[in-house]
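Participant: Hey, can you piece these two chains together into the complex? The hints should help.
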Amino acid sequence: MTPTPGAVAVRTEQLTRVYRTGGQGVTALAGVDATFARGTFTAVMGPSGSGKSTLLQTAAGLDRPTSGRVWIGATELSRLSETALTKLRRTHVGFVFQAFNLIGALTVEENILLPLRLADVRADRRWLAEVVERVGLGDRLRHRPSALSGGQQQRVAIARALATRPEVIFCDEPTGALDTQTAAEVLALLRAVVDEQGQTVIMVTHDPVAASYADRVMVLADGRIVRDMPQPGANRIAEELASLGRTVQGVR
Amino acid sequence: MIKLAAQMLRRRIGSALATLVALTVGVVILTALGAMVESGLRYRPAAQQYAAADVVVAHRDLSFTTKELGDVNRVTVALPEGGTVPAALADELRSVPGVATVVADVRVPVVGSGPATGHGWSSAVLTPYEIIKGDPPAQAGDVVLDARLAGDAGPGDRTTLLVGGSAREFRVSGIATGAGPESVFFTDAQAAKLAANSGKVDAIGVVAEPGADKKAVAAAVGKVAGGTGAKAYAGSDLGAAESDEGSARTLLITIGASLGGYVVMLVGFVVAGTIGLSVRHRRRDLALLRAVAATPGQVRRMVVAEAMLLGLAGAAIGVPGGYLATEWVHGQFAGRGFLPAGFPMSIGVLSAPAAVLTIVLVAMLSALAAARRVTRIRPTEALGEAAVEPAESGKVRLVFGVLTLAGAGTAGSLTVGAGGQTALAGAIGMLYLFVTAVALLAPWINRTSAQLLTPLLRGVWGTSGYLATKNLKASAQGMTTVLTALVLSVGFGGSVWFLQDNLQRQTVEQVREGTLAQHALVSPAGLPGSAVADARAVPGVQAATGVRRTSVILKVLGDAEAVPAQAVDVGGAATLDLRVTSGSMADLGADGVAVSQLQAGSSGWKVGDRARFWLGDGTPVELRVAAIYQRGLGFGDVTLPREVVAGHTARNLDDQVLIRTAPGADADRALAALAARYPGSALVASADLNQQLAQDLAVSAWLNKLLIGVMVGYAALAAANTMVMAALARRRELSLLRLVGVTKRQVKRMVHAEQTGLLGVALVIGGGIAATTLVAVVNALTGDPVPYVPALGWVAVIGGTALLALVTTVLPIGRLLRVPAVESIGTKE
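Line order of the protein sequences matches chains A and B.
The first sequence begins at 1 in my numbering and counts up by one.
The second sequence begins at 1001 in my numbering and counts up by one.
Don't read these hints as lab results, they were simulated from the structure.
Treat the hints with care, since some could be wrong.
What the hints assert, rightly or not - Below, a sample of chain A positions facing chain B; criterion: calculated Cβ distance under 8 Å:
id, residue
1, Q57
2, L62
3, E76
4, R79
5, E82
6, T83
7, T86
8, L88
9, R89
10, F95
11, L106
12, E109
13, L114
14, P115
15, G151
Keep in mind it's a predicted model, so treat the numbers as computed, not measured.
By construction, the Cβ of each residue, glycine as well, lies at the ideal position given by its N, Cα and C atoms.
One chain only, chain B, in its complex shape (with noise of 0.2 Å):
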């Protein structure tokens, strides 16, 4: 069977080219896919800091478990400001068999001749930093320098550091050299001085005794660290302990997750849709197979054999193509910053295989379904003279059709009623259930259309329109694909591509109407409480906040969240307005905490409420709800007072310092004077801040918008197939056409009404799903009823359509008219 499908699709390989250009794509997809969740799954950090010690003891992650429906679940995530450990772990881990050597190691960010981070001199044994030129430094004002930072400077010179915000004297004690980040070793009494965070230390590492089983130390480190919610890392996690990279695994493993599953589904879709039409379209032939010799099982057989070799061959090209795809998306990730520069990106031993696997299963199973007509084929239509296309829609599809579009429906009133994330979850499955309820409609809704396009079409484009509407109505079955395909493009497309705009805009237009101050000092070293006193000092400063940007812990949907909070001190009202829609940003005090209005929608808090959640260090909090406000994607969902956040964030200090001036103050020269004060900062007009930002959204809604670029890219195609298949396929049909009198301008003509009606029934549908979304979405993130979409973006969206009409229809029909028409219709088709 295996050489006859071989045989038969060696020479019509023209129209088996659209099955094979979404196979081949399909395998393109995931196997970069996969090679991104390969290298996130493989990747372990190699330890670089901690790499001569044998145990890490660190607090990189929170663990808790949730109650979802009876299921226990066991949720862990990163912390992301990196959690502590006492410092008093240190000496209990002394006590353990077979320890030789502990040390508990602090992180100061330094700013020297480049950002470094100083640790106390202990700590240089965990790497080994060792001492090439001069001494380890003795005395409170000494530093050892990292080679790569000191330049022509040598032991007994002066350096100058900015440490916790200030610029600093030391007297360079000693030159060391060592592996990983930059750093500068103090004394350890003056490093716990400058970490400013009594009892509590970064991590603590321990080297074992030479000889002793290390992985019996390691289990007696952890046992012992156990208590304190910190994890003993060990052998190849070593690396873990001191690298926030998982933030990268995360990522990669997300995306090729969410988005594979997607490529499979719309991979078996297509597959289906272009088997099932050169099935339809082969209908002739394949009666007579059966009629001949075939038993139905053999025709099925032979069609699934085709799909395999197809996928095979798919895979062949696919395969390289998929390994240069990845190497691209590895180049834009890294150049983008959403990896680190020297991620090693593996370069799939398990996904090309694992890709070509799944193409080759979805592609033989989407066959068997399509064949499954086969077997209705009766053995006597190969003595027809025509080959009629039976009208076929089961009842079966019809009732999922119904139901689906209901539960579309029933999506759609939950986005009204929820708030928060479940509004955005309703609206994410709405869109979903939408666009599989047209899938399954789509033989009636073309029929339909067709139906109600009549007198438009008739209208406009005379006799030709007539022809449009009966070749609609009698092409519903075959054009499925091509509806479905296009309302999943714009569909999709539109909501979330619109989205990440509507998100871009919303958020800088939230900050620039949010901030009352005109100045801002920034610095990216970090700027001490000094700073706000200093800038309130000014004359003519109206009001002065030291805003600090962090994030926080909480529980979403039984899931964990990490998620962008805000930490200001007294005063923020006069500078930040965040538009408060109940309760008062005044009644914050020091145990108050202020939620976005999404925020408070999923966790289901009112102004009064206990919020309960973890800082970014994982340290459990318990604050009043004192205020719900509107401008969440600004200025972050949570809103602290400083005193809560203060050290429990890696830098502890403030990143910006926002500055309002009286009106008609000239302040400008005394706050130029403030910034030079603080080494490293800047003074900046807060609307330039806003660009900064604008920029940064930009870089992470380009994530977004290549993924959805790509589904869309890959849908597109799948009506493009099928539309070329389509419209090759009448050869036969038009040349009885013009025989019978059409001209070729009506025949053009007519293909234009035809694929106005399609393509535009198709527009209507996938922009009023998009609509639909895009409201509900943007509702529940911003209040705004009423969605913003740039012009190029119609622009876009209808072009784009025009565009797929033109070279997939306009222009093979334009080459089929141009043989005359005697010619062909003594072919077969």
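The following block holds chain A by itself, in its conformation from the complex (with noise of 0.2 Å):
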């Protein structure tokens, strides 16, 4: 299978990652191969050290794999240099994390635009009022992130990955930190950013409730992936990672 450019946002190929500390070996990931296809919203999902996060972490450059490939677009990320890296993450890879997402010593303006900044482009005002209007923070932009609430701070985090217009934005646990009425704003934003402008979005999530806003849903167990299923509804998922709980307990 060729990358076919235009309908894959981000492919990995045989994806290994191998951490050692002290001598030993732990394997996050075991040779993941995944597809996630344009404007589409997958939830990644998994127990603690299923190597969710990892995926995220190397298919989005941020770490770099073991063995195994990755592209974001068209481009293979193995080869690229640090810098290289950084720059394709500033133009076309958004992030959402679930805290600490904000410059303290910058308005939420100056957040927004700190990737385009630090790329030296100019800003495109119309895009941009057309983002904060979409994420509704426009009374807010001369605000430090300190006065504004969890959910408001992940709504910057949220304008501030559409403000280049990424390839792909990635969440990790982006609800984590939220309560369940914030939780479920922050997601109708995400859900509505994929079906009105057509963005990629792949989240991290442990929360049934928040996977079901997705498309597609992605378990992981011990670095490989063990259900892809489109998402069948919060119940099911529940279901569905309950059982894998016992299966994976069942085994060891």
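Facilitator: As structure tokens, then:
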């Protein structure tokens, strides 16, 4: 299978990541093949230590795999230098983390513009106005992050991720630190970004409700994909996860 | 990038304050030092006494070449007694084309209504001095007085002048005015007779014919004079021929150069430390920047740009501060006699820009060094929950640290084996190496000491102590600056500051113990040889010794140095006990020399060797080493027979006559009568002489203490900065501790235990280094194996450290604890 530009946002091939701690190797990813189509919303799930965060980090070019390859759009990452990788990230990849997403010293607007500024690219004012409108932060642009609620902070992070019109947005537990109501708002925003702007979102989460906003649910265990299914609804996801827990325990 | 850096900086100015303070103070110190060096370099004493001369031939310094490891060095040293030139040279100069007038100038120290210098009347044209009343001197008994000295006296009056230590009466033939120091004029013949230095004159002044090419005349004069060791001074150098303010100039340049290098080093160290710490504290921010968009290069540039901006801000505050500091130093120096009152202090046209450039460059380079760390921050750290400081201390650093430590040990053993200046140089080298080794090994020292202190801290502080040891271990890397700065303060401060105390004490003690005489006849105008003879004739006097203080020039380690010396007449052994260790003072004779152990060690002299050096006026001598003695601090490193220095000191008189009376003899009245016979002299108990000496020493110690105070103060500031920064960054950690059930009191006790551990280790190491250095130096200088540390010294070192801990950590932590824990746990650090 050859990568098809335009249709595939992110693809991994035999992705392996081994952490070395004190002479012992811990396998976090054991050969993951995955393709994420453009305009889709994928939830990556799995128990703690299943390798879901590592998959996100290596697929996003934040961390380098031990072996295997990653494409973002048409670019293969393994041959890129650290600087080239950073440049790719700032134009083609957006990030939303669980917390500490924003630089406290910068205002909301400055945080949103940060990737553009570092890339030395002039901001497209109309697009930005649209993004700000979209996330509903028009009146908070001059505030510092410390003056915002957790949900607002996550919305700023989403705005920042959208600012460069990236190939893909990676989210690592974006609602992990939020209450149910706020979490629902943030997830709805992500959903809308996919539906209305054709963005690609890959989100790591352990919350079946959060995963229910996605089109597709991918479940990892012990560094391998064990389920890959169209989103079947929150209850079904929870059941799948529970059964998986039993299986894993049974195996051990 | 600069704009982003400025934005980030503006909003976290609080944590950048530490770096800003260090940079500002650095600029202040460097600007002041720069102004001192600049003033020294620019200083051209204006010609006063020789203002009307075109060329002056004088012998003011000594030059020779040395060969060190194949390098040929030209060494020039100012003559402490001011040299002389042969009188015959004047006749040769008269035949130089273009020369109109040649005057052989002699100087005769006299005291009238105030101290003055006597010259022959022909010297008057060199200033020029002009008669305003009366006539020039015509007969041997005539004198022309400076209007400033004359008072009510007019032509025809009689006046008494103290010349050569005795009072003589002269007839005032006229009153004259002129510039420069106060002068009186005799006939040329009388002046030459009073100077009593046949065939030699102090300087030769040359006035060129009107219209003659003065440069050509100066060159021609220089050629003729060249053979005698004298130099021709002309143009803007003319003032150097009459002034001995070269020492002030050298003092300024030496201070600036020696302290400047140290300050630059320290600024680099402090800035690298504080910026390193700020990078450490912002690790998550920087990781986020890396993850979102910034290349490693961009983050590094941002950190460097921040340092540059801080450097410039520091300059804006520091330069005016530096000017104020320069003013203050100038006032103090002039007030304490290190600088002549009229010494022009240039207010640093070059020094301020140089200081700013240096500081900004050092700040940027140190930031670059600290920013290397940034490269190692992986963007994935932005995803993590806790900001964990990775334990990373390079192997290279460890290797260098161990090597430096080994070097310090070697330097230490060198000190034990060697004597004299070598031992001193070894001890200072050891001090520097030890401190550098501590700086390099600091992370390991912190970690190991935390480990070793665990039982102690747990024993004393219980659970809080246990937490403290864990924190000490975890912050081992971050606290390297604190350890190093404190070790540096205590090590340098302890050794150099207390060394001054030791030197002062030893000097006074040596003089007290070494002076066997009970009385001393002293005179600021000098005492003639007859005073000693008269003192010996007083009934009840066992012995009397005329003592003349001077300096000689010795070669020391490829350089030349003026070394304090004394000249004594025969019978010195009865009034002075120099504590001779080999040879005998009785063997001094007329061609011998006695030297201190320190000097003998430096020059490699043993009793019986031929010692070659120069007298204070530049005359080379070769003398037999007759004795080696211990009390060099009190009595000078070289003791000469008076015959050797006769005619080679500026005044050619004794400074004091030491008088020893027989036990029980009542010679007080007769001695008082003796003092009355020599105008200007006074009889003092030798104990009072000591007091005067102690005061003089305190003045020179002040300078050294000022310098070391600046060094130590700056290092302590560095430690304080880092500690405040570290304390304020602990908001979250402390809140977390309190939320899991640690009481406020326990937190406070934990902080106390931490401070005790950290500062205790710094005190012990710094104290150890100071003690080692002090023992080595004091032993080399005085032969005393146990240095003296004043009680107040202990209090200052320990109290200062405790104060530092209180102000920089205990109080800020106390403030943090006043905020409810729940409030601060939510905020980002």
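Participant: Could you run down the list of hints and mark each one as holding or not?
Facilitator: To see whether the hints hold, each was checked on the structure:
1. The restraint placing Q57(A) at the interface with chain B holds, with a minimum CB-CB distance near 5 Å, inside the 8 Å limit.
2. Residue-level restraint check for L62(A) holds (minimum Cβ-Cβ distance to chain B is 5 Å; threshold 8 Å).
3. Annotation: E76(A) was flagged as interfacial toward chain B, and the flag is violated, the nearest CB pair being 19 Å apart, outside 8 Å.
4. With 8 Å as the threshold, the beta carbon of R79(A) stays out of range of chain B, its nearest partner Cβ sitting at about 17 Å, so the hint is violated.
5. Residue-level restraint check for E82(A) holds (minimum Cβ-Cβ distance to chain B is 6 Å; threshold 8 Å).
6. Hint on T83(A) holds. Least Cβ distance to chain B is approximately 4 Å, under the 8 Å limit.
7. Against a cut-off of 8 Å between C-beta atoms, the interface hint on T86(A) holds, since the closest Cβ of chain B lies about 4 Å away.
8. Violation of the interface hint for L88(A) is found here, the shortest Cβ-Cβ separation to chain B being roughly 11 Å, above the 8 Å cut-off.
9. A cut of 8 Å between beta carbons decides the hint on R89(A): the least distance to chain B is about 7 Å, and the hint holds.
10. Using the Cβ-Cβ criterion of 8 Å, the hint placing F95(A) at the interface with chain B is satisfied: the shortest such distance is roughly 6 Å.
11. The beta carbon of L106(A) comes within 6 Å of a beta carbon in chain B, closer than 8 Å, and the hint placing it at the interface holds.
12. Interface restraint check: E109(A) against chain B, minimum CB-CB distance 11 Å, threshold 8 Å, status violated.
13. The criterion of a C-beta within 8 Å of any C-beta in chain B is met by L114(A), whose closest approach is roughly 6 Å, and the hint holds.
14. The criterion of a C-beta within 8 Å of any C-beta in chain B is met by P115(A), whose closest approach is roughly 4 Å, and the hint holds.
15. With its C-beta approaching chain B no nearer than about 14 Å, G151(A) sits outside the 8 Å limit, and its interface hint is violated.
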